[in-house]
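Q: What follows is each chain in one-letter form.
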Amino acid sequence: MCAMRVSRRDFLKASGIATGSLLLPTSAALAAGEVPRFPLRKKVGEVTTICTYCAVGCGQVVGTLAGEVVNIEGDPDHPINQGALCSKGAASLQIINNPKRLTKVLYRAPGASDWEEKDWDWALDRIAQNIKATRDANWIEKTAEGKTVNRTEGIAFVGGSQNTNEECYLWVKALRAMGLVYIEHQARI
Amino acid sequence: MGKVSLLIDTSKCTGCRGCQVACKEWNDLAATDTTNWGSYENPPDLSASTWTRIAFHEVEGDSGVKWLFLKQGCMQCTQAVCVEVCPTQALQHHDMGFISLDQERCNGCGYCAEFCPFQIPRLEANAFTGQGKITKCTLCQDRVTNDMSPACAKTCPANAIYFGDRQEMLATAKQRVDELKAGGHSNASVYGETELGGLGRMYVLLERPAQYGLPENPSPALAGFWQKGIQPFGYAAVGLTLLGLGFNWLAQRRNSALSVKAQEEA
Amino acid sequence: MTNHWIDIKNADVIMIIGSNAAENHPISMKWVEESRRNGGTLISVDPRFTRTSSLADIYAPLRSGTDIAFIGGLINYILENELYHKEYVAEYTNASFLVNPDFGFDDGLFVGYNPDKRGYDKSAWSYQTDAQGLPLEDKTLQDFNTAFQHLKRHYARYDLETVSSITGTPKDALEKVYSAYAATGQPGKSGTIMYAMGATQHTYGTQNVRSYALLQLLLGNIGVAGGGINALRGLHNVQGSTDMCLLFHILPGYLNTPIEADQTLEAYLARSTPQTSDPNSVNWWKNYPKYMVSLLKAWWGEAATTENEFAYQYLPKNGADYSWISLFEAMYQGDTKGFLVLGQNPAVSGPNANMERKAMENLDWLVVVDLWETETASFWKRPGANPDDIKTEVFLLPAASYVERDGSVTNSGRWVQWRYKAIDPLGDSKEDLWIINQIMQRVQGLYATDGGIFPEPIVNLTWDYGDGVPDAEQVAREISGSALVDLLDADGNVLVPAGTQVKNFTQLRDDGSTAAGNWLYGYYTDAGNLAKRRDSVDKSGIGLYSNWAWDWPVNRRIIYNRASVHPVTGEPWDQEHPVIRWDAAANKWVGDVPDGGTPPNTIHPFIMKPEGHGRIFGFGRTDGPFPEHYEPWESPVANLLSGTQNNPVFKIWASEMDHKGEAGQYPVVATTYRVTEHMQAGAMTRNLPWLVEAMPELFVEMSRELAAQKGIKNGDQVTVESARGAVKAVALVTSRFRPFQVNGQVVHQVGVPWHWGYSGASTGDSANTLTPHVGDANTMIPEYKAFLCDVRKVV
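Chains as they are written, first to last, in this note's numbering: chain A, 1 to 189; chain B, 1001 to 1266; chain C, 2001 to 2795.
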């Protein structure tokens, strides 16, 4: 994992939070003369990311503990949102820890009335076979006037705005190489 | 450190409810089942799992419609009736100027909920034991005593929630009210400067407090008097029977308080 | 956005029109607020009083679909009162260009209309030119044939009275908006337009945006701090997915997809590469061949040679419009057999959703990659469907969430920002890079072993991302571009050694010596991954934050910034908010990355247009060089401005599920929209308990007057019905919606959020079962924002 760890000192410095604060839950003894402190409920965050809702592009920090996300809040260093998040952004933790999230490959056979679980290998092989069969059966090499066009209109693709640039790029590269022309996504609608 | 305060500038609030959700996120508060009741506002009230929420008020005036948003939550009173009536010191004045809550100490007597002039604390009874625990906004007591902003103040997209030294907050509030008045908002005011000895949650209001559902003159009448009379009763309220009695009595009080409130609003 | 989010703070006047920023882009209000703190004015133009309107200094209601009348009136106001930025208009726009004398306009139609084709012959939409091909000009703007005089004549019809009668906006509100916004035409003042789908989702959506562009050019608001045309954009990487061109008509970096006429690379490049004979016009797209050949080299590597047109023939050639509505019409006709859906939910988000859901029943197979079981994935068991009858094989692949994978995303301000993986994907869910890699490796394997039709583009595709999770930075390097051999300068010195990243697109070449997946995205250079930069100190004084992340193109934060300075001196129009400034002593520009580094008075600022000037006369569009008001496809009123009721160019479909509603049966105007607490088609929020709690159910907002007329009380269950479908919703009766007075007639409007569907934790009817399957004449974006319906109480 190549997570970027913001050093605690930088985090504090840039966020304008007074130094000496604690970002990890602790009940450490307090310095004499200070106010009574309560231990922090959770780890604030140290991995930076960008909010997955609208296109303002707000920074977030993600707090993890033992491989689980425990907190997501605004990145105080981020020049656009300066630590702020709206209701959607503030709810981001529930995207990660959510019983409705899909954790298995699901397959619905033709005419079936329910899903069944499958493994990745089986599903990926079958998808690849479907792509090839449909592409080859719906291939247009030339128009009636004899113009070479080499495309398939038998397969369509939509999506991409929920993906990273790198993912979008690999998809568009693969799709065009396969001869798809029905390629659309959220930007159109 | 001196006293701190939240300052909520209603003239900037967009009603996005980032604060409402961020509070739940940080404090691990569950969502409740709601329905749309002809309003954007939900959940419909504060509860054991909703410590802050935005109340939406649609007001028609001469210059057209106004949509006013008020972030509700514990007012962190200086003359805090809840602290006075609390028999177990679960609620205490913290040096920083907010009312801290130690749920371990709470015996569920519910006096604080009963006597709060703003009806903020809520009692949550354990489904199995019947044991009640009080809940309310603690100003994110863990965050603020570790030099961080409360979750609501940090998340506010519109710079409508300030947090800091109370004197600075007050100066900011007054300056903002002056600006608003100069801009034609003749009803603009600071709420919380002196109410109940000064609140640790102040507002810049665009309109009169009543238009936001805030009491114009919250009463500190119970301060002092009730502590002597009620607290001994509260200390005794550890058995379930007595607790049940307490609930009954509280329920009656609550009903009468609600009818008073309804009259005031009428 | 031509500008970016933080730049909103530099605006003197902000007009939020066709968007609801406080609700849908809440953090933008931080910068709106900053502008207001410095004396800025906020204008909210919206059919209903929204959370944005609640903060506005001026609120103006307008009937859905009348933006061109509204803005046309403002243009007329500016021209009549001579409030435009005169030097800017004369020097930087084509206002002074002489238009072909055959050009004309009559009764809502521009010259050249062919009703049978529903299209224009645009040959007269052109400039008069001299012997060298340079446009003839009259810098005084007085010649009858100047674009400026055409503009004046066109909008003279948009007087206050007429505009108010069309839009339903009270005249005093119009005057307040016009006077406040027109004031930004003064040199040194700026106004910004924040728009979104309220502008684009109309059969004349492009012309709505064109009207903003015209306005901004007249006021000198393009290129300056606090100005621009700012599309707020909905999804966190919709900008990036657009730039990578997951769209039928473009390839990465906005290169055209080949069409049937482009039988050779030469023909393709000849069609795509604009020419100019003006030595002062940069005409940036003259570099087109470099970008296209570099893309072909990135994709087909060694197999792309000078002998085979760099594998150009591997690319499919388009034979038609394959945009969204066409796609689903084809699927409905049974022409589409396989469907790949990546993190999108057409069963909720597509127009005429009942039809699009029905269309999916014709599929042999469907693959959905998502975090959730969406309505699209489970279309075969939707209410009213019988799974036995639906023979579609469906694969639902669990994807990793955004904190479970690495990669970059691009915000509306074109900032490319890096995300770091924080935890491993949940359960068996997988990173999207892994999923596409696995699928493509298997497809390549099948063609390599079994053969098949035209296997070359597949087997020869460069695809070496390993067997595990591909490294997002390897892909970033491929996108950004590198030298395949030593690149030499004119003197024969090595400029870029073979195998290293290019500095930016200026080093790309058309001879096959460079490869770049997307010329526009030079975010990975020898200095590393620039999307990771986190310098939160702003040295510009106007909030450019030039060392935070990376901005396309070439880290330029404000596009067309050479228009922000005086043409001769290079001094900023606005001395307080200089974007760039010519430092004569140092002989260079300081500030933002300029649109061309040559000294002042050498080049025209609009470098992406062959004539180098902003287009007052915009002949590139299919439906006219000036925005003209038409009524939505479904409207309760006749067009007051001409006998041409609708945009005469957009395509009308005629399947048995493409119904048009008439005002007699459906008298109420409806629009769809979003709320803060939910996202688009809802899977990302309707499954989150905190957000469902805050906004639990579908509702319909309506005025007290309409509710009284229909016997509806606040909180009642009501049915909203259009010619295509019906939804049940909670009535939200409010003073924030008011009936419109349109030409003496009362027009009611309602609004329905479109987030709900039949899957997930919070379910409800989908507003898109109401919306029509027609789209904009240029972009084919569906007309979600104005259609007809009726409402009634559920008894």
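Fair warning: there could be bad hints in the mix.
Claimed, not checked - Here are the simulated distance ranges between beta carbons: (1) B:N1217 with C:D2172: 37 to 47 Å; (2) C:Q2745 with B:Q1211: 42 to 52 Å; (3) B:S1063 with C:E2576: 39 to 49 Å; (4) C:D2424 with A:E117: 11 to 21 Å.
Keep in mind that the hints were calculated from the coordinates and are not lab data.
Computed from a predicted model, the values in this text were never measured in an experiment.
Cβ coordinates follow ideal geometry from the N, Cα and C atoms, glycine included.
Q: If you check each hint against the structure, which ones fail?
A: 2, 3
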